[in-house]
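This is what each chain is made of:
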Amino acid sequence: MSLEAAEFLLHVAVRAGTPLLFSTLGEIYAERSGVLNLGVEGMMVMGAVMGFGTSLVTENVWLGILLAALVGGLLSLIHAFLSITLRANQTVSGIALTIFGLGMSGLLGKAYIGAPLPSRVRAVPIPLLRDIPILGPFLFQHDPLIYLSLVLVPLLWLLLFKTRAGINIRSVGENPATADALGVNVHRVRYLCVFLGGVLSGLGGAYLSVAYRPAWTEGMTAGLGWIAIALTIFSMWSPGRALLGAYLFGGVEALQYRLQPPPPYGLGISPNLLAMLPYALAVIVLLAGTRETIRKRMGAPSALGTPYVRGEK
Amino acid sequence: MIPKLKIEKRPIVSSSVTLAVSILSMLLALIAVAFVFLGYGVDPTYAYQKIFIGSFGSLTGFSETIVKAIPLMICGIGLAVAFKALVWNIGAEGQLLMGAIAATGIALYVIPEASSVLLLPSMFIGGFLAGAVWGVIPGVLKAKLKANEVITTLMMNYIASNLVEYLIYGPWKGAMEWGFPITNEFPLSAWLPYLPIGMGRIHYPTLILALSLAVLTYVFIMRTTLGFEVRVMGENPDAAKYAGMSYFKTVILVMLISGGLAGLAGVGEVAGIHHRLRYPKGISPPPGYGYTAIIVTCLGRLNPLAIILSSLLFGGLLVGGDAIQVIGLPFAAIGLFNGAILFFVLGGELLTRYKIIIRWRG
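First to last, the sequence lines map onto chains A and B. Heads up, the first sequence is in my numbering, so the first residue is 1 and it goes up one at a time. Heads up, the second sequence is in my numbering, so the first residue is 1 and it goes up one at a time.
Among these hints, one or two may not hold up.
Some chain B residues well away from chain A (every beta-carbon gap over 10 Å; in silico) [to be verified]:
{"id": "1", "residue": "34"}
{"id": "2", "residue": "136"}
{"id": "3", "residue": "147"}
{"id": "4", "residue": "196"}
{"id": "5", "residue": "213"}
{"id": "6", "residue": "216"}
{"id": "7", "residue": "227"}
{"id": "8", "residue": "298"}
{"id": "9", "residue": "357"}
27 Å max Cα-Cα, derived DSSO-like pairs, lysine-lysine [unchecked claim]:
{"id": "10", "chain 1": "A", "residue 1": "296", "chain 2": "B", "residue 2": "144"}
{"id": "11", "chain 1": "B", "residue 1": "241", "chain 2": "B", "residue 2": "50"}
{"id": "12", "chain 1": "B", "residue 1": "241", "chain 2": "A", "residue 2": "296"}
{"id": "13", "chain 1": "B", "residue 1": "281", "chain 2": "A", "residue 2": "110"}
{"id": "14", "chain 1": "B", "residue 1": "249", "chain 2": "B", "residue 2": "144"}
Hints are computed from structural coordinates only; laboratory data are not their basis. Here a beta-carbon is modelled for each residue, glycine too, at the ideal position from N, C-alpha and C.
Working from the sequences, and respecting the hints, build out all of it.
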């Protein structure tokens, strides 16, 4: 592979992996606090339609991104209310959120199908750094949202592992009764983490529709939200590994551009078969993550998926 | 005065409370969606009227409601078995498509010359097996490797859907179809019969199959030892373990049943309606029978007999979805009901299990 080809592959891998990165970071926080939110797909697709629609109507793409994040956050509160306050089954509630989001986005986005976006997020290459071979195209020739995601990874890692708030989040996810006894407001921490998860999923969705592929098509997330949940397990609930996983998936998508065209440009593999790759990879990644979690006897927050009621076991 | 909410467990959950809560959650969902319609500038009472008349108001409408209810019922009954054991099979959509693929292969390539008596049962058996395999794979991954089945079954939906597309664009593309991505039409011996004229497209052998499966599954869950093990695993996994019940066996069994049944539904669609394999969205229109069946099952509270009713209700909603397109609402609006109903059923479940007591403090 030539240098240009490698640079292109890495560049596209980051772009394609960014929606996954945002959503996975969000799900890590929700799950760290003990709430499994399977509504990521629904929040992402709503983020995508809100981001696109608002950008189209107001011609302000940043307003669109802001609203997408807000909508993601608001939707996540439905799940938070059902699973934290009403103690409903988290699996079913998350699936309901996904189905609801897909339906709602179809309704809202009807008018936007095929519309071109006047303002989109554009790349802002960073001077000097952009010219480094390989590393430049890989990390420094991107748009501001990608830089944001790159800043979020260490920030969210620090918050989770090196601050008082992070200890509270993790203790609520591991042993809510003890956290409660120590004066941590279990429900508040969980609400905040689920909300943050929703905001980041909304951002991930918006990245798809206003930056990566500036267009709206119904159900355009095509399972990315579910892949993000698989990645959360693969990441072992740590932001650093989330970055690795997200770019791995981005790389697979980038690879499709090379495998699909007929020879001599590519291998001429059927696009329908190539389209299966990310989903098959998600299963493999899920297995790898699950296996490692079991082997190291760590990872999954102990209270994941169980509602907390004071005084009940 | 500040009201203080207190939540107390009900000692026994009566079936009348369950029924009342189910109906209440339906109504609340309808009210919630009405607000969305209002926001969209559509009079909700008019829209609901359209939906109701479209799906239950005429013989043609009602027969189409039954046609849509058939796959929902079969998938829903299978999912009820899995959900009873707390195994979250979200893969009915993919399992249905695998059933459709198997039936197509048998009708077009394996024994196309066979008579109906041989061909149709072979298609149903093949479809059951294909769906079952698609269900058992995530089952094994869950039981042996602890892989979350929600994610694996979902990923397999996408893989199955891409497999259908691969086949209709590639090796199975019909030679007589002007380059459209569909297979050739099945031989007539692979067509399921319809009810007499005037009753629409009700492929009654599948309907009879669905109704018998509802009764059989009810008996299986309530009256057999295996069914008892399924229930115990869902209600008290620790007890199941101490009683020496095999976790592996139960997971595989429920995935086999739910996958196989979804496969049967897929056979019914291609042999009863389309008579060929076509685009996945054509076989299972969005939001997808396999996904809608999840809500059908939850609204029917995992009771196969109640699922007969809830599948008719959702069949009606799907037919009504066609009707509201006339007044400018997209078909996707129907997906809203699915999500909203599930939310309220879930919230309502709290009401069946707990009492909410309001105390006023001065």
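Taking the hints in turn, this is what the structure says about them:
no. : hint           : result
1   : 34             : holds (13 Å)
2   : 136            : holds (14 Å)
3   : 147            : violated (5 Å)
4   : 196            : holds (36 Å)
5   : 213            : holds (23 Å)
6   : 216            : holds (25 Å)
7   : 227            : holds (21 Å)
8   : 298            : violated (7 Å)
9   : 357            : holds (15 Å)
10  : A:296 to B:144 : holds (17 Å)
11  : B:241 to B:50  : violated (52 Å)
12  : B:241 to A:296 : holds (25 Å)
13  : B:281 to A:110 : holds (17 Å)
14  : B:249 to B:144 : holds (11 Å)
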